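**Q** Okay, here's what each chain looks like letter by letter:
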Amino acid sequence: GAGVSQTPSNKVTEKGKYVELRCDPISGHTALYWYRQSLGQGPEFLIYFQGTGAADDSGLPNDRFFAVRPEGSVSTLKIQRTERGDSAVYLCASSPRRDTEAFFGQGTRLTVV
Amino acid sequence: GENVEQHPSTLSVQEGDSAVIKCTYSDSASNYFPWYKQELGKGPQLIIDIRSNVGEKKDQRIAVTLNKTAKHFSLHITETQPEDSAVYFCAASPLEWPGNMLTFGGGTRLMVKP
Chain A
83 GAGVSQTPSN KVTEKGKYVE LRCDPISGHT ALYWYRQSLG QGPEFLIYFQ
133 GTGAADDSGL PNDRFFAVRP EGSVSTLKIQ RTERGDSAVY LCASSPRRDT
183 EAFFGQGTRL TVV
Chain B
14 GENVEQHPST LSVQEGDSAV IKCTYSDSAS NYFPWYKQEL GKGPQLIIDI
64 RSNVGEKKDQ RIAVTLNKTA KHFSLHITET QPEDSAVYFC AASPLEWPGN
114 MLTFGGGTRL MVKP
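Protein sequence lines, in the order shown, are assigned to chains A and B.
Under the numbering used here, the first residue of the first sequence carries the number 83, and numbering increases by one thereafter.
Under the numbering used here, the first residue of the second sequence carries the number 14, and numbering increases by one thereafter.
If you are wondering where the hints come from, they were derived from the structure by calculation, not from laboratory data.
Nothing here was measured: the structure is a model prediction, and the numbers come from that model.
Note that CB positions come from ideal geometry on N, CA and C, so glycine has one too.
Hints should not be assumed to be uniformly reliable.
Claimed, not checked - Facing chain A, according to a computed beta carbon distance under 10 Å, are these residues of chain B, among others:
id	residue
1	K55
2	D62
3	V67
4	A104
5	W110
6	G118
The whole structure should be built from the sequences, with the hints applied where relevant.
**A** The following block contains the structure:
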């Protein structure tokens, strides 16, 4: 079956621009997570959705980052006024329930130039 | 918050040998410990996980052990093969409300020489 799908796979943007990253979770998975992975490091938690609501956004680094999941399926991570330090791989994961294993997508590599 | 330390950062073994990767965690509330394998350009893939009510779990050539008292857990890969070469991440989570937010270790780059 289809896994977690993230688009685009690569995104290059200029400093100061706005970007949107999309995540299509595994069908039927109610829990959705966004992580950020810098080069040579482990993923770091950003935000967690249970259904349509953000149950925990404690990992978002600042108010330039925002995520939505309006219908409880697809999620979009939005970054305003991008900075070079935002360059990283953004990973999305989904789970059938909040207390089960998470399955990751292939990630979106964001490069801010 | 939780802090997960992982070592070694790189590990080189000969094909057929065993590989062991170790992690420690700080938060005694953590009770779920997955291991992920990440190949170049791909997302992390879950290979095995363990919950705190179990001390050891095995799946073919892969095993994980957990010592709750010492707050450490380990991944053991036996009879390594070249296709085992990848970066491995351990993680920890309290696996309670609101959800399974993982704290990852820094990763171990495993190289299996044929």
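**Q** Given A104 (chain B) as an interface hint, is the shortest Cβ-Cβ distance to chain A below 10 Å?
**A** Interface hint status for A104 (chain B): holds (8 Å vs cutoff 10 Å).
**Q** Does K55 (chain B) meet its interface restraint, that is, does its C-beta lie within less than 10 Å of any C-beta in chain A?
**A** 5 Å, holds
**Q** Can the hint on D62 (chain B) be confirmed by a CB-to-CB distance to chain A that is less than 10 Å?
**A** 6 Å, holds
**Q** Quick check on G118 (chain B) please, does its C-beta sit within 10 Å of some C-beta on chain A?
**A** This interface hint holds because 6 Å falls under the 10 Å limit.
**Q** When the nearest CB of chain A is found for W110 (chain B), is that gap smaller than 10 Å?
**A** 8 Å, holds
**Q** Please check whether V67 (chain B) passes as an interface residue: C-beta within 10 Å of a C-beta belonging to chain A.
**A** This interface hint is violated because 14 Å lies over the 10 Å limit.
Hint compliance for this structure: hint 3 is the single one not met.
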